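Q: Listed here are the chains, written in short residue letters.
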Amino acid sequence: MLIAILCAMVMAIAVRAPVFLSAASLDTLITDGSILAMMALVQMLALITGGIDLSIAASMALVGMATALASRAHPGMPVALTVAISLAMGLGLGAINGALIAAIRMPPIVVTLGTMSLYRGAVFLVSGGAWVNAHEFGPGYLAFPTDRTLGLTHIAWIAAIVIVAGHVLLNHARAGRELYALGGNSSAARYVGIDEPRALMRVYCLTGLVSGLAGYLWVARYAVAYTETALGFELQTVAACVIGGVSTAGGKGGVLGCLLGAAFLVIILNSLPMIDVSPFWQMAISGAAILAAVIVNSRGEARRGKVILQRATAKETA
Amino acid sequence: MKRWETVLVILLIAICVINSLASPYFLDVHNLFDSTQAFTEKAIIALPMTLVIIGRDIDLSVAAIIALCSTLIGWLATLGVGTAGLLAASVVAGTAAGAFNGALITRFRIQSIVVTIGTMSLFRGISYAVLGDQAYTSYPDGFDELGQGTLWGLVPYELIVFAILAIVFTVVLHRTVIGRRLFALGNNPDAARYSGIAVDAHRFWLFTVNGALSGLAAAFLTSRIGATRPNMATSWELDVIAVVVLGGVSIQGGRGTLPGVILAVFVLGMLTFGLGLMNVPGIMMSIVTGLLLIVAIAVPLVIQRIVPRRV
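In the order they appear, the protein sequences are chains A and B.
Taking the working numbering, I'd label the letters of the first sequence as residues 4 to 321.
Taking the working numbering, I'd label the letters of the second sequence as residues 3 to 313.
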């Protein structure tokens with residue numbers, strides 16, 4: 004269903020602006036979509052367990068700022084070290100969420116709402132509110148994510164690796180299948196011997212880990228780090244997931260849907276200037292698109308109607 | 003630790019004592035009343051949001067509704083509509099936006115978090131589409147009184163409105179059958195439906211009221227800052243939810259009190275005011291809010307773990 008809508012949309016845009024289907028434009032689309040796709044994927048892990056991670060954008064900003072400051076202080080820092088720092092920092096931030104959620108058993112939405120403010124404030128704390136601008140970064144720092152191997156930018160390759168890893172985890176690994184079980188029915192999952200705290204810890208460490216890496220990629224791609232980096236991005240990742248049919252109630256969602264959802268959002272956001280729509284319309288159109296997509300998705304589900312009374316009235320009308 | 007409200011009262015007193023020790027300007031009636039203006043609009047939305055969260059829903063679109071309503075009254079003001087008309091238009095528009103949320107949620111059975119993420123983009127997006135990088139800054143004479151005016155030169159009108167609304171909401175939630183039904187549907191929506199509560203109708207009206215008061219807050223905020231920009235009140239939805247959770251309302255629904263939320267409003271408000279007097283930059287407040295939110299929820303849970311539960 005979503006594939007059909009996507010095709011129709013791409014076609015409509017291509018008719019208005021043939022340049023949209025040019026190699027250069029598609030390349031930008033893939034690079035822009037990569038960060039959203041990988042972040043939506045880890046957001047989906049949290050959503051599948053019935054949780055949510057609202058802190059990912061703040062983690063990205065904090066890790067991005069930390070690596071930017073490091074790069075300013077040591078312009079010659081090797082890229083491998085930058086990547087290692089961002090992964091380690093992201094993992095640490097994710098582990099804080101995980102510990103609060105898995106060990107203390109706080110609701111994920113409350114924990115990540117709190118750490119979201121906390122991490123965002125910390126960006127200000129470490130940077131003193133200042134920006135790190137394009138000319139202050141080390142050359143290697145900025146070049147790596149947008150350099151190309153086999154024609155695609157490194158951002159795209161990294162996203163591809165994350166996506167393949169996500170697919171393997173969710174479909175071919177026990178640790179991934181457990182997440183569906185937990186989201187579907189957590190008490191049943193416990194009875195069959197799934198270690199819930201351990202699984203939740205894993206999920207939030209993973210979202211943190213990938214947020215850290217994405218934070219570096221984001222800052223390097225846009226060549227600027229400031230307190231508001233990626234502000235509001237956490238809700239974009241949730242939006243991509245729900246467009247792709249992931250349920251925020253848990254237990255449902257797949258890699259393909261999530262990718263299509265991300266593609267949908269990125270295409271809408273990127274194509275507007277090409278078809279001569281003012282960029283100020285972006286937000287309204289993506290909001291309308293999110294609503295349209297979830298309404299379409301919900302029609303398929305509504306029939307299952309959990310509530311007996313609902314089914315009874317449906318029968319009467321039938 | 004028996005009652006969360008007790009903890010909040012102690013916290014509030016502690017903050018006030020520390021503030022008055024740290025700054026000679028804190029314990030000044032004018033300053034205190036003045037400081038409430040910084041959080042009254044959020045506090046007004048926190049009242050219906052408490053009901054929404056107790057009913058096991060959430061509304062992320064309130065800040066976007068503010069931007070939408072403010073854009074509408076900014077535009078109406080350029081057409082020469084008077085203060086009363088603007089106030090009414092703002093509330094009506096907010097009500098409509100809230101009803102739109104409620105209709106989508108109950109009609110299509112989509113989770114409220116999903117719908118309001120969408121309408122959050124939609125409502126604020128409309129504001130961007132109308133204004134772009136412009137702003138509305140001209141309002142009729144007397145409009146500034148709404149958000150800046152005071153009774154006897156002391157008590158802000160906004161605070162009086164908040165106080166009246168707080169009483170109304172507290173009575174409705176804790177003293178009427180409507181309130182009991184909200185707790186029932188927050189605890190177990192299916193059971194509530196089987197016991198004959200019109201669950202969807204209640205949810206629809208909760209979102210509508212939430213929208214209406216967001217519209218009211220929009221009129222106050224616009225009047226107070228004297229300008230409409232599409233990015234106004236950004237991320238207020240999370241501030242409002244944080245204050246509700248800090249007030250002891252369970253995010254899973256079915257549990258919480260309005261006095262708790264009202265206390266939490268003042269705890270955060272006085273904390274912000276105190277930090278401001280000590281020249282701490284505003285964003286540091288976000289660290290404090292975040293920490294407070296986590297500690298406030300974590301500590302009771304940890305204590306529950308350590309202290310064996312009495313049977």
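These are computed hints drawn from the structure, not numbers from a lab.
All values reported here derive from a predicted model rather than from experimental measurement.
Keep in mind that a hint or two might mislead.
[Claimed, not checked] Chain A side only, calculated, beta carbon under 7 Å to chain B, not exhaustive:
hint	residue
1	Val18
2	Pro21
3	Ser25
4	Val113
5	Val245
6	Ala291
Using N, Cα and C, we set each Cβ at its ideal position, and we do this for glycine too.
Q: Now tell me, hint by hint, if it's right for this structure.
A: Cross-check of the supplied hints:
no., hint, result
1, Val18, "violated, 24 Å"
2, Pro21, "violated, 26 Å"
3, Ser25, "violated, 28 Å"
4, Val113, "holds, 5 Å"
5, Val245, "holds, 5 Å"
6, Ala291, "holds, 6 Å"
The structure is inconsistent with the numbered hints 1, 2 and 3, although it conforms to all the rest.
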